[in-house]
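Protein chains in written order, with this note's numbering: chain P, 39 to 283; chain R, 2 to 457.
Hints listed in this document are in silico derivations from the structure and should not be mistaken for laboratory results.
Straight-line C-alpha distance at most 20 angstroms; calculated SDA-like pairs for lysine to any residue:
| hint | chain 1 | residue 1 | chain 2 | residue 2 |
| --- | --- | --- | --- | --- |
| 1 | P | Lys211 | R | Thr35 |
| 2 | P | Lys55 | R | Asn443 |
| 3 | R | Lys434 | P | Asp235 |
| 4 | R | Lys24 | P | Thr209 |
| 5 | P | Lys178 | R | Trp43 |
| 6 | R | Lys365 | P | Met186 |
This one's a predicted model, so the numbers in the text were calculated from it and none came from an experiment.
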Amino acid sequence: MKVGLFIPCYINQLYPKVGIATLELLEKLGVEVYYPTGQTCCGQPLGNSGYEEDAKGACQIFVENFKEYDYIVGPSGSCIHHIKEHFDILEQTEAVKNVRKNSYELCEFIVNILGKTNLGASFPYKVGLHKSCHGLRGLKLGSCSERMDDYYSTEEELLKEVKGIELMSLTRKDECCGFGGTFSVFEEAISVKMGKDRIQDHLDNGVEVITGADHSCLMHLDGLINRNNQPLRVMHIAEILNSCI
Amino acid sequence: MMSHSKLAEIFNKDEAKVNWHDKALWYVREKRDTAAHHVKGWEYLRDLASGIKANVLSNLDNYLVEFEKNAQSNGIEVHWASNAEEHNKIVYKILTQNNATKVVKSKSMLTEECHLNPYLESKGIEVIDTDLGERIVQLAKEPPSHIVLPAIHKTKEEIDVLFQEHLGTKPSNGDPQYLTNEARKHLRDKFLNADVALTGVNFAIAETGGFVVCTNEGNADMGVHLSKVHIACMGIEKIIPREEHLGVFLRLLARSATGQPITTYSSHFNKPAPGNAIHIVIVDNGRTEQLSREDFRSSLSCIRCGACMNTCPIYRRSGGFSYNATIPGPIGSILSPGMDMKKHSSLPFASTLCGSCSNVCPVKINIHEQLYKWRQIITKEQKQPLIKKTILKITGMVLGRPKLYAVLGISVRWMLKYAPRFMVYSKLNAWGKSREFPKVENGNFDQWYKNRKNNG
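Input sequences plus hints: build the corresponding full structure.
Structure follows, in structure tokens:
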């Protein structure tokens with residue numbers, strides 16, 4: 039099994055430690071991981087802003103970088119969702135179809151492809167899970183509060199096995215944090231208000247660390263937490279799953 | 002015209018009110034969840050409803066003709082209006098033919114869309130909205146801010162003051178019981194003296210030529226039973242093929258809208274009582290055009306339950322008026338650009354594309370996907386802010402060139418790390434108004450990976 043590691047642009051530049059944790063975690067699980075150099079971005083910021091035509095170059099580079107791999111794994115549900123849903127703007131060659139089909143968000147790859155949930159991690163903190171929308175409602179990493187399906191959560195399956203962790207329950211289980219890519223700047227007031235409300239929910243429920251499978255949401259929440267000096271921190275789920283504390 | 006983001010920013014100046022508005026609507030969303038949980042096969046019911054509506058939209062011409070024929074044979078008069086102006090003229094003509102000057106109206110978003118009230122008032126007709134929420138916003142000279150809960154933006158204290166001014170009530174500190182009783186007395190008088198009753202239509206049944214109007218207050222029945230003439234206004238998309246399909250839609254509608262198992266009144270109108278008349282006005286007003294847009298066709302399946310508004314984290318925190326459209330919220334944001342793209346060009350961007358709207362929609366309209374699609378069209382067809390356009394075009398160019406991207410990545414990281422705070426957190430930086438940037442670490446992932454490889 040040849041796995042290509044996809045590190046989204048903002049993680050590469052701003053959160054290298056999330057990329058490192060992802061790589062180390064996959065290697066720990068015995069996966070043969072390759073990191074194609076020359077990666078840029080999946081093009082989502084452009085698509086969501088209404089400029090998907092301008093993202094074609096980025097999408098092509100993505101396909102070129104990853105077309106040889108059996109699986110493409112990345113620590114961001116939103117980017118993976120974009121590849122699967124919105125690479126329809128490219129000509130649907132075999133390479134494009136394969137890349138779309140074989141792209142996996144990290145947690146779903148570990149649980150559904152590798153078939154593992156206990157990764158030997160320990161993390162003795164009170165943790166709140168932020169279920170990012172594109173992972174949850176787009177990739178179906180879990181059941182959604184709006185739908186009447188049986189309950190499941192891919193991230194919780196992994197977190198439950200972490201030694202010492204206390205998973206805190208939230209009042210609003212899966213409400214959006216308000217990041218939304220360029221929404222965060224073009225609809226600044228609402229974006230900030232949504233983020234503040236999400237954080238308050240975690241605080242009200244005794245959370246010490248907010249985690250999730252999408253660091254862009256966490257970046258937005260972290261920006262608010264740091265500005266307002268709140269007693270919380272954010273960590274990508276890969277960092278927790280790679281922890282031995 | 003102000004954009005959604007600007008109006009939302011203004012609404013957010015009063016955070017306590019935003020919290021109150023958010024909680025009021027979230028309460029309705031949770032009631033909906035509980036009600037849906039009590040229906041076995043809820044998701045199957047949604048599939049069924051979605052399928053029936055898809056069939057309707059594919060065969061709309063036939064169903065409309067079938068409906069007209071059956072309605073006429075029941076003694077109902079059918080009128081066709083291609084736009085709002087024609088609709089209003091037809092209604093006015095019926096009123097003049099019946100020497101009517103006083104009209105009572107139950108809730109109808111279509112007549113809001115056609116701006117019927119101001120049109121009739123300009124002709125000297127008194128139009129009284131009889132749904133309590135509608136009456137409240139009518140007295141306040143405001144449009145509804147929500148399609149099911151028209152006065153949800155008003156607190157009971159505000160309504161107290163409004164009623165003191167218009168209905169001569171005593172100050173009651175916002176006592177809902179007292180205020181409702183006073184409204185009832187006021188409306189009772191209007192019902193008794195009305196010449197014509199106007200209603201909307203929730204479902205028009207092709208098979209029978211009858212139609213169903215859902216209300217919680219019984220105001221549609223009250224108006225209709227006390228008047229000699231009933232005018233019902235409907236958009237062409239309100240058709241359902243058979244009476245048995247009501248079993249699907251009535252179960253979904255009230256649960257999705259307010260979490261009730263069924264609306265208090267589901268009134269069936271099939272033929273006029275002896276000596277009375279029923280008129281149906283069937284309105285297009287841009288719907289055929291929307292039907293022709295393949296990506297947006299299913300938006301016409303909407304049964305106006307308002308669930309997408311109650312669940313939308315943006316609607317709850319920006320208020321209905323921030324959309325500046327007859328139908329606000331997620332569904333309005335995919336319908337309105339089809340009516341007037343220039344006016345409503347900011348609406349498809351008033352979303353994080355979280356997808357909650359599509360998940361609650363009882364007829365499974367892929368609302369968030371249509372928002373994404375409108376964005377692609379609007380940036381091409383409508384003038385965009387120069388800064389936004391330039392930044393995104395350049396971003397696209399950079400992301401298509403890995404070497405340039407690598408250099409720029411390093412520059413941005415350098416700037417975030419070393420540039421003075423007043424420069425990074427300037428007025429131009431919307432991110433930094435209320436948020437910190439991430440603390441930049443030494444090196445990016447590319448550099449770390451290269452070092453690791455070099456060190457074996």
